[in-house]
Amino acid sequence: MVATVAYDAVEAGTELPAQSFPVTRETLVRYAGASGDFNPIHWNERFAREVGLPDVIAHGMFTMAEAIRVVTDWVGDPGAVVDYGVRFTKPVVVPDDGVGAVIEVSGKVAQKLDDEARTVRVDLTATSGGQKVLGMSRAVVRLA
Amino acid sequence: MPLDQSFVGRSYPPTAPYEVGREKIREFAEAVGDANPAYTDPEAAKALGHPDVIAPPTFVFAIAFRAAGQVIEDPQLGLDYSRVVHGDQKFAYSRPVRAGDRLSVTSTIESIKSMAGNDIMDVRGEVRDEAGEHVVTTIIKLVARAAEED
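Keeping their order, the protein sequence lines are chains R and X.
Residue numbering for the first sequence is 1 to 144, as defined by our numbering.
Residue numbering for the second sequence is 1 to 150, as defined by our numbering.
Excised from the complex, chain R in its bound form:
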């Protein structure tokens, strides 16, 4: 595996380039098809409101897929991700207003774990509309 970020070049506190990911209803329909998750809360506004949601919400797994891009774009090789976990704390609400929502993701190296395996723990923060949408969002990644 060839990661482009050297273990020796990072330390606890090193920030990863932050990214913004726009989400529209079209995004959710495409993700539903690609992932096979056709739960109507992700595309049917009437159904979403019937079950008590404010509007259609993004798939939690879509948000999880976007958040790790801050790590995989940083290291270059997505195969360098050894471990990845999140908690789904708040839904990403996606209105049908021609704009949709934006998921903002930032990350920083929380800890250097193993000098021999060259692994670090990256803590990610994901927000949408000013609210934290993921908690305990952490990845372990092997660096060069």
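Watch out, some of these pointers could steer you wrong.
[Stated by the list, open to error] Listed below are the simulated PhoX-like cross-link pairs for lysine-lysine, each with C-alpha atoms no more than 20 Å apart in a straight line:
id	chain 1	residue 1	chain 2	residue 2
1	R	K132	R	K90
2	X	K24	X	K46
3	X	K90	R	K90
4	X	K113	X	K90
5	X	K46	R	K90
6	X	K90	R	K108
7	X	K46	X	K90
8	R	K132	X	K113
9	R	K132	R	K108
[As the list claims (entries may be wrong)] One-sided excerpt, in silico: chain R residues whose CB lies under 8 Å from chain X:
id	residue
10	A6
11	A34
12	S35
13	F62
14	E66
15	R69
16	D77
17	Y84
18	V86
19	F88
Treat the hints as calculated values from the structure; they're not laboratory data.
Quick reminder that beta carbons are idealized off the backbone N, C-alpha and C, glycines included.
The hints should help you fit chain X onto chain R, whose structure is shown.
This is chain X only, laid out in the frame that chain R set:
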């Protein structure tokens, strides 16, 4: 009624192999808007040391979740799926999933907890390739919200 603790440790039979295709990986990468060439260009993937294109880290969830259906729909366990939300998700990789993999998942009930009337269940999925080698372990935490009082 809370879920029966005696189900902790119960494993379900391995699933029939899911064959990972290059075009399915491409479709998934496009759906999340990720242009990393390791997902679509075999030469780019090889340059990184992978034998074929690899899948984005969360791609395997769909396979593991389908396998967890055995647990969710186990009539003996009696989970009320209409009250279930996805609480946490974890992946621990031995290697990335790649095109050509034939993946089989063994699901196990890792834990059952009851908190404030909610049932919280962790389902572990051991994902192995055709040679039986470990690829990734998935942990799906499902939270079944308490039933409303009548």
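Each hint, compared with the structure:
Note on R/K132 and R/K90: the hinted pairing holds, with a Cα-Cα distance of about 7 Å set against a maximum of 20 Å. For the suggested pair X/K24 and X/K46, the alpha carbons sit about 19 Å apart, so the restraint of at most 20 Å is met. For the proposed pair X/K90 and R/K90, the alpha carbon gap of about 17 Å is at most 20 Å, so the pair holds. Note on X/K113 and X/K90: the hinted pairing holds, with a Cα-Cα distance of about 18 Å set against a maximum of 20 Å.
Restraint check for X/K46 and R/K90: the C-alpha separation of about 38 Å exceeds 20 Å, so the hint is violated. Under the criterion of a C-alpha separation no larger than 20 Å, the hint pairing X/K90 with R/K108 is consistent with the structure, at around 19 Å. Among the hinted pairs, X/K46 with X/K90 is inconsistent with the structure: their alpha-carbon atoms are about 27 Å apart, more than 20 Å. Among the hinted pairs, R/K132 with X/K113 is inconsistent with the structure: their alpha-carbon atoms are about 25 Å apart, more than 20 Å.
A hinted pair counts as satisfied when its Cα atoms are at most 20 Å apart, and R/K132 with R/K108 qualifies at roughly 16 Å. The restraint placing R/A6 at the interface with chain X is violated, with a minimum CB-CB distance near 16 Å, outside the 8 Å limit. A least Cβ separation of about 4 Å between R/A34 and chain X falls short of the 8 Å threshold, and the interface hint therefore holds. The closest approach between the C-beta of R/S35 and any C-beta of chain X is roughly 5 Å, which is under the 8 Å cut-off, so the hint is satisfied.
Contact between R/F62 and chain X, as hinted, is supported at the beta carbon level, the nearest pair being about 7 Å apart and thus within 8 Å. Given hint, R/E66 at the interface with chain X, holds; its Cβ is 6 Å from that chain's nearest Cβ, closer than 8 Å. Below 8 Å, beta-carbon pairs count as interface contacts, and R/R69 has one with chain X at about 6 Å; its hint therefore holds. Restraint check, R/D77 versus chain X: the minimum CB separation of about 5 Å is within 8 Å; hint holds.
At about 5 Å, the closest approach between the beta carbon of R/Y84 and any beta carbon in chain X falls short of 8 Å, and the interface hint on this residue holds. Nearest Cβ of chain X to the Cβ of R/V86: about 6 Å, under the 8 Å cut. The hint holds. Among the interface hints, the one on R/F88 holds; its C-beta lies about 6 Å from the nearest C-beta in chain X, closer than the 8 Å criterion.
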